[in-house]
Amino acid sequence: MALKLDTYSGGRRSSAAAHIRSALLGALGLAVAAGGMTAGLPQKAEAAAPEACAALQAKYPALKGKTLVNAINPHTPGYETIDPKDPTNYIGFDIDLGEAIGECLGFKLTYKPVTFASLLTTLQAGQADIVISDIYATKDRAKAADFITYLKVFDGVLVAKGNPKGISGINSSLCGTVAAENTGYVEVPLIQALEAECKAAGKPAPEIQLYDNNANCIQAILAGRADTYINDVNTVDGAVKAYPDKLEKATAVTLPYSVGIAVPRNNLAFRDAVMAALVEIQKSGLQAELMKKWNLPAEQLETPKLVLAD
Amino acid sequence: MDLFLHYLSMPYLLDGVGYTLLITVLGLAGGLVMGVVLAAMQLSRFRALSVVARGYSIIFRGTPLILQMVFCYNALPLIGIKLSAIAAAGLALALNEAPFIAEILRSNVLGVERGQVSAGQALGMTPAAIMRRVIAPQAIRSMVPALGNEAVSALKNSSLASVVAVQELTLRSTQLASATFDFFSVFFASGLIYLVLTGAIAVIQIVVETLLDLDRPPPREQFRRALRVLRPGRPASAPDAADKTADGPLEEISADPLPPASPKSALARPDRDARARRLAGNNVAVEVKELRKSYGRQTVLDGIELDVRAGEVVALLGPSGSGKSTLLRCINRLEGWEDGTIRVGGRFLGNDEGGRALSPRATAQMRASVGVGMVFQQFNLFGHLTARENIAGPLRWVQGLSRLDADRRAQELLERVGLAHRADALPRHLSGGQQQRVAIARAVAPGPSVLLLDEPTSALDPELVGEVLEVIRRLAIEDGLAMVISTHQLRFAGEVADRIVFLAGGSIVEEGPAERMLTQPRHPLTARFLSTMTAE
Numbered sequence: 001m002a003l004k005l006d007t008y009s010g011g012r013r014s015s016a017a018a019h020i021r022s023a024l025l026g027a028l029g030l031a032v033a034a035g036g037m038t039a040g041l042p043q044k045a046e047a048a049a050p051e052a053c054a055a056l057q058a059k060y061p062a063l064k065g066k067t068l069v070n071a072i073n074p075h076t077p078g079y080e081t082i083d084p085k086d087p088t089n090y091i092g093f094d095i096d097l098g099e100a101i102g103e104c105l106g107f108k109l110t111y112k113p114v115t116f117a118s119l120l121t122t123l124q125a126g127q128a129d130i131v132i133s134d135i136y137a138t139k140d141r142a143k144a145a146d147f148i149t150y151l152k153v154f155d156g157v158l159v160a161k162g163n164p165k166g167i168s169g170i171n172s173s174l175c176g177t178v179a180a181e182n183t184g185y186v187e188v189p190l191i192q193a194l195e196a197e198c199k200a201a202g203k204p205a206p207e208i209q210l211y212d213n214n215a216n217c218i219q220a221i222l223a224g225r226a227d228t229y230i231n232d233v234n235t236v237d238g239a240v241k242a243y244p245d246k247l248e249k250a251t252a253v254t255l256p257y258s259v260g261i262a263v264p265r266n267n268l269a270f271r272d273a274v275m276a277a278l279v280e281i282q283k284s285g286l287q288a289e290l291m292k293k294w295n296l297p298a299e300q301l302e303t304p305k306l307v308l309a310d
Numbered sequence: 001m002d003l004f005l006h007y008l009s010m011p012y013l014l015d016g017v018g019y020t021l022l023i024t025v026l027g028l029a030g031g032l033v034m035g036v037v038l039a040a041m042q043l044s045r046f047r048a049l050s051v052v053a054r055g056y057s058i059i060f061r062g063t064p065l066i067l068q069m070v071f072c073y074n075a076l077p078l079i080g081i082k083l084s085a086i087a088a089a090g091l092a093l094a095l096n097e098a099p100f101i102a103e104i105l106r107s108n109v110l111g112v113e114r115g116q117v118s119a120g121q122a123l124g125m126t127p128a129a130i131m132r133r134v135i136a137p138q139a140i141r142s143m144v145p146a147l148g149n150e151a152v153s154a155l156k157n158s159s160l161a162s163v164v165a166v167q168e169l170t171l172r173s174t175q176l177a178s179a180t181f182d183f184f185s186v187f188f189a190s191g192l193i194y195l196v197l198t199g200a201i202a203v204i205q206i207v208v209e210t211l212l213d214l215d216r217p218p219p220r221e222q223f224r225r226a227l228r229v230l231r232p233g234r235p236a237s238a239p240d241a242a243d244k245t246a247d248g249p250l251e252e253i254s255a256d257p258l259p260p261a262s263p264k265s266a267l268a269r270p271d272r273d274a275r276a277r278r279l280a281g282n283n284v285a286v287e288v289k290e291l292r293k294s295y296g297r298q299t300v301l302d303g304i305e306l307d308v309r310a311g312e313v314v315a316l317l318g319p320s321g322s323g324k325s326t327l328l329r330c331i332n333r334l335e336g337w338e339d340g341t342i343r344v345g346g347r348f349l350g351n352d353e354g355g356r357a358l359s360p361r362a363t364a365q366m367r368a369s370v371g372v373g374m375v376f377q378q379f380n381l382f383g384h385l386t387a388r389e390n391i392a393g394p395l396r397w398v399q400g401l402s403r404l405d406a407d408r409r410a411q412e413l414l415e416r417v418g419l420a421h422r423a424d425a426l427p428r429h430l431s432g433g434q435q436q437r438v439a440i441a442r443a444v445a446p447g448p449s450v451l452l453l454d455e456p457t458s459a460l461d462p463e464l465v466g467e468v469l470e471v472i473r474r475l476a477i478e479d480g481l482a483m484v485i486s487t488h489q490l491r492f493a494g495e496v497a498d499r500i501v502f503l504a505g506g507s508i509v510e511e512g513p514a515e516r517m518l519t520q521p522r523h524p525l526t527a528r529f530l531s532t533m534t535a536e
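These protein sequence lines are chains A and S, in that order.
Residue numbering for the first sequence follows the UniProt record's numbering, starting at 1 and increasing by one per position.
Residue numbering for the second sequence follows the UniProt record's numbering, starting at 1 and increasing by one per position.
In case anyone wonders, no lab produced these hints; they're calculated from the structure.
Do not rely on the hints blindly, as some may be mistaken.
What the hints assert, rightly or not - Examples of chain A residues lying across from chain S (beta carbon under 7 Å, computed):
no., residue
1, P74
2, I82
3, P87
4, G126
5, Q219
6, V240
7, A242
The model shown is predicted, which means the values in this text are computed figures rather than measured ones.
The beta carbon of each residue, even a glycine, is placed where N, CA and C say it ideally should be.
Please model the entire structure based on the sequences and the hints provided.
Right under this line is the structure:
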């Protein structure tokens, strides 16, 4: 169950609602007991500076010993997927980073796998406490959650082998092509914005197919339904590695965004705690180490900053 | 292929099956409970309830399940109800299944012949007893295939729980595909797992259908039939059909004669005048005054006045649509009317002393205590019960007899109507004449003071009419209960009835002693009707 930090665990729930809830939960307790089907055991990460973390735990005692829920879209190899060798575990850079933050602040994490588009709604509904899932911190998204950034964004342009449509980035080369994207990705409005440019050049606008995970986008190119999939460069590299005969990375582009950790908007104490822990993790060199472990280029590292709604 | 087998047996996916089944069971069980409530509301005689139920159905049948899942998971927390993912998904599936299941329940309840409901009412069964004893057992049998369908669709729909992070089979498959890039092996494996699950539901459905089959042969015969079904090229139904005709009504017709008549009824025609004088001194059993009834603008009964004395046999004659059946149905309050009064045994059936209408339940109890039996044109036997149970059941449920007493009484009556050897037969395996004889036995079983017979032989083949009329004739002579019979059998009416009442256009045109009515009708309409009937 999600941790309710004091600032947003209100007393406004009626006892009737609590009743219904506990009745339903009772029914489900049975299921969990029967299954042994728990998801995502925490992975061990190297600790950040012990003294600094001890100080943070003293400063934010509410978090200590808690188990928080991390909503993820586990379809992003390198960042977050299930472990093919032990599918009850999640693995990836984001997973390790989250565990490191948890370790520093003294809480544990469980994982809730959702579609990319529902990451923030899950957080807003209180069904998760934090989102660390390769999500770009944009002003738009900041209306739903506060973001603490930790990586710069490099996108790769995934195309079929030989790049038959000659796609060279998010530019007029996309006119008349079909791009596969996930619902809610920041690339979607960027590609849509090309319409005017294409029209001016007398070409048809790019078409966008919306899916809800990376695997589907990659399959769309393999099946010839889409010409390109533009997404995080590491994801694109992973796909090329999996299908070296069929796919290639046409190019890499930089986007004016950062990857961020999303936390609830109304819980400043929690946000401050996570940010402080992230700073410590970067200071101790742990983040760089984890990036190396997951083959992320070192220059992607970004000093934490807040992205908030205006 | 190796990968496919690897995924097929992967504990991670098999655990996912556990969640899939859990959501399905939650959805079906919740849907069934809510469906029963919704169906009851829609079938209720209170309009407001059925409007609410219909409104619910429109909303939850008309919106996609995936939205309902997301709603239960993400929107309910905003009003303080934070369900776990499994509870939210189970709730959404239940909310979604409920209107579909309600429609299955409702259509199967309505699918039970209305005549059987009338028969239950006429026997004095309360609405709840009719639902439990007559409608539910038959409706449940006929709804199994549709519920099987619904179970399969719920199982497949449970895959949508993946959108609210339930670790069920589909979600686990997509995660696995994303992590391994083994798109096809993973999805073929999970597809096969789904197929096994839905196949299991199909097997359960077949087993349940077989267990509920009223014609279920003994186990050994069943085994042979199963073998026949499994062997291709031979239609399984052919021997089945042959069985039925061999066992069917045709050869039975002459095989079940009535027992010899009692000396009383074997006597020559009693002195009609003496009988008429004796009857005139009896109490009034049925008293109809100024009865008026219409369906919309059409008047069906227009000021009927009729007294029937205890022990008197009255035949209602008249062309189709003259109001004979309606009058009979009014007498035991199977139908209401606009104006006038009817008293049976001195009591207003269906009204309290102050003239206010009683609830259906209270009316049923009154019907039983006043003692009005009814025999219908279409027999209206309870289709799922044997001949014996058709008679014994109502005695237990309404009159509260013990099983032993009820069975004894049923056996005795079956002997009287010459069908003791068919006691264990289902109505559908009896000829029309046999069914009507059972129906008559059922109607007289509680010992009513008045028996209403609504064209008891009209639905019978000509060669079967005689046996039924003979049963009625004996009842009239031996039991001395008041009878009102609507019929087209002139000779029978003349022989059995003390009095004939001729109806046309909802009014009594003429009435009088049976013999006189048939031989010297006074009203031209009666004369014309009689001459057409004899000409046929």
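Legend entry - Numbered hints the structure breaks, given as an ascending list: 6
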